[in-house]
Amino acid sequence: MSGDPVVTAASSAPPAGLADDVLARRRRRLRVPPAWRQPLAVTGLAIVGAWLVIAIFAPLIGPDNPLAQNFGILAAPSSAHWFGTDELGRDVLSRVLAGARVTLPLSVLLVVIAMLIGALLGGFAGFLGGWADVALMRLADLFFAFPGIILALAVAAALGPQLRNAVIAVVAVSWPSYARLVRSLVLAARTAPYVVASRMLGASGWRVLFTDIRPNIAGPVLVLAALDLGNAVLLLSGLSFLGLGAQPPTAEWGAMVAEGTQNFNDWWVGVFPGLAILTVVLAFNFIGDALRDALDPRTARTVRLS
Amino acid sequence: MTSASTATVVVDRPRKGTAHHDLRRFLLRRLGTGLVLLIGITLVAFVVTHLVPGDPVAANLGQGALNDPAAVAAFRHQYGLDQPLPVQYARYLTGLLHGDLGISEQSHRAVLSDLNQYVPATVELALFAIVTSLIVGVALGILAASFRDRWPDHIIRVISLGGVSMPIFWIALVAFYLLFFRLGWLPGGGRLDPAVSPPPHITGLYTVDALLHGQWGLLWQALRHLVLPGLVLAIYTVGMLTRFTRASMLEIMGNDYVRAARLKGLPEHVVILRHVLRPALISIITVAGLAFAGLLSGTVLVENIFAWPGLGQYAYHSAVNLDLPAIMGVSLFIALVYIVINLVIDLLYGVIDPRIRLS
Chain A
19 MSGDPVVTAA
29 SSAPPAGLAD
39 DVLARRRRRL
49 RVPPAWRQPL
59 AVTGLAIVGA
69 WLVIAIFAPL
79 IGPDNPLAQN
89 FGILAAPSSA
99 HWFGTDELGR
109 DVLSRVLAGA
119 RVTLPLSVLL
129 VVIAMLIGAL
139 LGGFAGFLGG
149 WADVALMRLA
159 DLFFAFPGII
169 LALAVAAALG
179 PQLRNAVIAV
189 VAVSWPSYAR
199 LVRSLVLAAR
209 TAPYVVASRM
219 LGASGWRVLF
229 TDIRPNIAGP
239 VLVLAALDLG
249 NAVLLLSGLS
259 FLGLGAQPPT
269 AEWGAMVAEG
279 TQNFNDWWVG
289 VFPGLAILTV
299 VLAFNFIGDA
309 LRDALDPRTA
319 RTVRLS
Chain B
71 MTSASTATVV
81 VDRPRKGTAH
91 HDLRRFLLRR
101 LGTGLVLLIG
111 ITLVAFVVTH
121 LVPGDPVAAN
131 LGQGALNDPA
141 AVAAFRHQYG
151 LDQPLPVQYA
161 RYLTGLLHGD
171 LGISEQSHRA
181 VLSDLNQYVP
191 ATVELALFAI
201 VTSLIVGVAL
211 GILAASFRDR
221 WPDHIIRVIS
231 LGGVSMPIFW
241 IALVAFYLLF
251 FRLGWLPGGG
261 RLDPAVSPPP
271 HITGLYTVDA
281 LLHGQWGLLW
291 QALRHLVLPG
301 LVLAIYTVGM
311 LTRFTRASML
321 EIMGNDYVRA
331 ARLKGLPEHV
341 VILRHVLRPA
351 LISIITVAGL
361 AFAGLLSGTV
371 LVENIFAWPG
381 LGQYAYHSAV
391 NLDLPAIMGV
401 SLFIALVYIV
411 INLVIDLLYG
421 VIDPRIRLS
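Protein chains in written order, with this note's numbering: chain A, 19 to 324; chain B, 71 to 429.
Hints were generated in silico from the structure; no laboratory data involved. Even glycine gets a Cβ: it sits at the ideal position worked out from N, Cα and C. Treat the hints with caution; some may be incorrect.
Said to hold, decoys possible - If you want the ones that stay clear, here's a sample from chain B, every Cβ over 12 Å from chain A, calculated: (1) Leu93; (2) Arg95; (3) Phe96; (4) Gln148; (5) Arg161; (6) Leu166; (7) Gly169; (8) Leu204; (9) Val297; (10) His339; (11) Leu371; (12) Tyr386; (13) Asp393; (14) Leu406; (15) Leu418.
What the hints assert, rightly or not - To be clear about the criterion: a stretch of chain B counts as covered by chain A if any three or more of its residues have a C-beta under 8 Å from a C-beta of chain A, and this derived list gives those stretches: (16) 98-111; (17) 225-237; (18) 245-252; (19) 364-370; (20) 396-404.
Claimed, not checked - Sample of chain A residues with no beta-carbon within 10 Å of chain B, all distances over it, derived: (21) Leu63; (22) Ile72; (23) Asn83; (24) Leu92; (25) Val130; (26) Asp151; (27) Phe164; (28) Ala206; (29) Thr209; (30) Pro238; (31) Leu260; (32) Leu300.
Produce the entire structure from the sequences given, and follow the hints as far as they go.
Structure, rendered in structure tokens:
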């Protein structure tokens, strides 16, 4: 936005040419290696893509209604029911597929919320400094020192066992890491020449923070979010496993594993939903790992050196 | 450094005295911030557990008692729930100063004695897990760093990513099913076989107590019971420590002194173990310390499956029953462990790396 200070009041959107320029520069910085050099990232993308397709088309792909109790109970996997049936005679395969519709959108949603809250608070703390910084960061420290799953457990239990409350609990646990990261990035950017220049051209603090600094620190924050997705899935399904998230009869993977512990004799009840969690988290971590390697200047430097 | 205030110490032992004083000041400051953090945590726990709609009365009294206003009032009075929140909090803090964590609404015992009973079981589990993951994780990390970007590195990368991606409540179920139920190789639950009495209480860790009393049969049995939940718990930390060991070793390998060590003809294993691993140990130990504290709370997801009578089950049952004093007690204990471990790690830095002075 360093261009023309007169324009600012009139046009709410940033100048189009400039935005393109920033994007192009970022694209140049993020040099994506050829696919065969990143087999894990490609695998991860493929798995996440497959799960997305499943989540969207689950009712069409699934052989049966995930909630219908139509079949013999606890039938072993067969050609009729590839993953067997559970204790209420529901088709496990259909339930695993339907579970993608719960876990994928919710985990993305909660990471986005945690990122927004953490980034806003961290950004204010870093930009305003002074008592606001101290207060916000001490608050983040507190949530950091608080044992994550215990906090989530307490929040989820206190709010009442519901999927929505489990999401709130996981957000409560995850925002501080974004706040810390964004604060340190904003602190570093505050004295950068482009920020000083913008201030001297008369830009307001808000404008500097949201228009100048935000795009420049977005990369590391997004990497953290990508790495956090897997943890979000684990924590959310863990809460459901404990009975503090999704309630019956919702087809949620963690809750289905819990049903498996009630029927551990019939391994298929719990094994398949757990495999679903594992593949999703693994895929998210493959992607996050590759993203970090691509964006982290320290790793990039050592790669170039060797 | 304020030389004036060190005067009395300096008179006795000029050099060591100053260092000693530095250490003491450092310790005091860290203990101070730790204390503030702990009080803050009681506040967060208090606010989280009290300002929300959940009703501990409904969670703890039966339906019959709930219909009796006198019983409800008695319950609320007994646990101080009829007082305004600031008064409740002040009461809690006052009790804390006297080492009183309140009475569990669920077990009707002092939270402190509940913790006394459950903590050793979980500490034993977490210690087993952290020692296992240190051995396996550091070894895998060294291997991965030495074979960087070749096939052992790639395989280890997949293993470690698999470790941090594993839903432990699920792998616990799978391990239980396979190793106990199907194969019968390992006992499936509890700390000892049913009807076997534990060794006389010294530490509360059955393995250690059995060892101290020379009860070898009991030691073997306690170990066998420990293996399954301990290994399951270790899966995540193995992955984490492997990745950290690899990353910090690679960072150090870029240093000139490592190249110098190679150039002067030292065998590769000496370079790796003495010149690279030792400085890398700092970040490894930091991570392992925090992982240990994380394991204490991570047991929530594992103890249920293996019927392990520890802190995790206690935390879970207190949360589900909205047993507020118990939740606060568990949170405080784990936060205390975090703070103490952080302090110990900071002190260890000086031992491992003489370059780091307390500052």
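Verification of the supplied hints:
1. At roughly 23 Å, the least C-beta separation between Leu93 of chain B and chain A is larger than 12 Å, which holds for a residue marked as non-interface.
2. Against chain A, the non-interface label of Arg95 of chain B holds: every CB pair exceeds 12 Å, the least being about 22 Å.
3. For Phe96 of chain B, the non-interface assignment is confirmed: its Cβ lies about 19 Å from the closest Cβ of chain A, beyond the 12 Å cut-off.
4. For Gln148 of chain B, the non-interface assignment is confirmed: its Cβ lies about 20 Å from the closest Cβ of chain A, beyond the 12 Å cut-off.
5. Listed as outside the interface, Arg161 of chain B is consistent with that label: its C-beta sits roughly 20 Å from the nearest C-beta of chain A, beyond the 12 Å cut-off.
6. Distance to chain A confirms Leu166 of chain B as a non-interface residue, since its nearest Cβ pair spans about 17 Å, more than 12 Å.
7. A cut-off of 12 Å between C-beta atoms confirms that Gly169 of chain B is not in contact with chain A; the least separation is 21 Å.
8. Separation of Leu204 of chain B from chain A is adequate, the least Cβ-Cβ distance of about 21 Å exceeding the 12 Å criterion.
9. Residue placement check: Val297 of chain B keeps its beta carbon more than 12 Å from all beta carbons of chain A (closest about 18 Å).
10. Residue placement check: His339 of chain B keeps its beta carbon more than 12 Å from all beta carbons of chain A (closest about 20 Å).
11. With a minimum CB-CB distance of about 5 Å to chain A, Leu371 of chain B fails to clear the 12 Å threshold, and the non-interface call is violated.
12. Its beta-carbon lying about 6 Å from the closest one in chain A, Tyr386 of chain B breaks the requirement of being farther than 12 Å from that chain.
13. With a closest Cβ-Cβ approach of about 9 Å to chain A, Asp393 of chain B is found to fall inside the 12 Å limit, against its non-interface label.
14. At roughly 10 Å, the least C-beta separation between Leu406 of chain B and chain A is not larger than 12 Å, which violates its mark as non-interface.
15. Residue placement check: Leu418 of chain B keeps its beta carbon more than 12 Å from all beta carbons of chain A (closest about 19 Å).
16. Check on the segment 98-111 of chain B: 3 of its residues sit with their Cβ under 8 Å from a Cβ of chain A, so the three-residue criterion for coverage holds.
17. By the rule of at least three residues with a Cβ nearer than 8 Å to a Cβ of chain A, the coverage given for the segment 225-237 of chain B holds, with 8 such residues.
18. Coverage of the segment 245-252 of chain B by chain A holds. Counting CB-CB distances below 8 Å, 3 residues qualify, and the rule asks for three or more.
19. Beta-carbon proximity to chain A at under 8 Å applies to 5 residues in the segment 364-370 of chain B; the threshold of 3 is reached and the given coverage holds.
20. By the rule of at least three residues with a Cβ nearer than 8 Å to a Cβ of chain A, the coverage given for the segment 396-404 of chain B holds, with 4 such residues.
21. Every C-beta of chain B lies more than 10 Å from that of Leu63 of chain A, the closest at about 15 Å, which supports listing it as non-interface.
22. Against chain B, the non-interface label of Ile72 of chain A holds: every CB pair exceeds 10 Å, the least being about 18 Å.
23. Non-interface call for Asn83 of chain A relative to chain B: holds, since the shortest CB-CB distance, roughly 25 Å, exceeds 10 Å.
24. Consistency note on Leu92 of chain A: stated as away from chain B, and its beta-carbon is indeed over 10 Å from all of that chain's, at 14 Å minimum.
25. The beta carbon of Val130 of chain A sits about 21 Å from the closest Cβ of chain B, which is more than 10 Å, so the claim that it is off the interface holds.
26. With a cut of 10 Å on Cβ distances, Asp151 of chain A stays outside the contact zone with chain B, its closest approach being about 17 Å.
27. Its closest Cβ contact with chain B, about 6 Å, brings Phe164 of chain A to no more than 10 Å, contrary to its assignment away from the interface.
28. Distance check for Ala206 of chain A against chain B: the nearest CB is about 20 Å away, which clears 10 Å, and the non-interface claim stands.
29. The beta carbon of Thr209 of chain A sits about 25 Å from the closest Cβ of chain B, which is more than 10 Å, so the claim that it is off the interface holds.
30. The claim that Pro238 of chain A is not at the interface with chain B holds, since no C-beta of that chain comes within 10 Å of its own (minimum 16 Å).
31. Non-interface status of Leu260 of chain A relative to chain B is broken: a Cβ of that chain comes within 10 Å, the nearest being about 6 Å off.
32. Distance check on Leu300 of chain A: its Cβ comes as close as 4 Å (rounded) to a Cβ of chain B, failing to clear the 10 Å threshold; non-interface status is violated.
Of the numbered hints listed earlier, those contradicted by the structure are 11, 12, 13, 14, 27, 31, 32.
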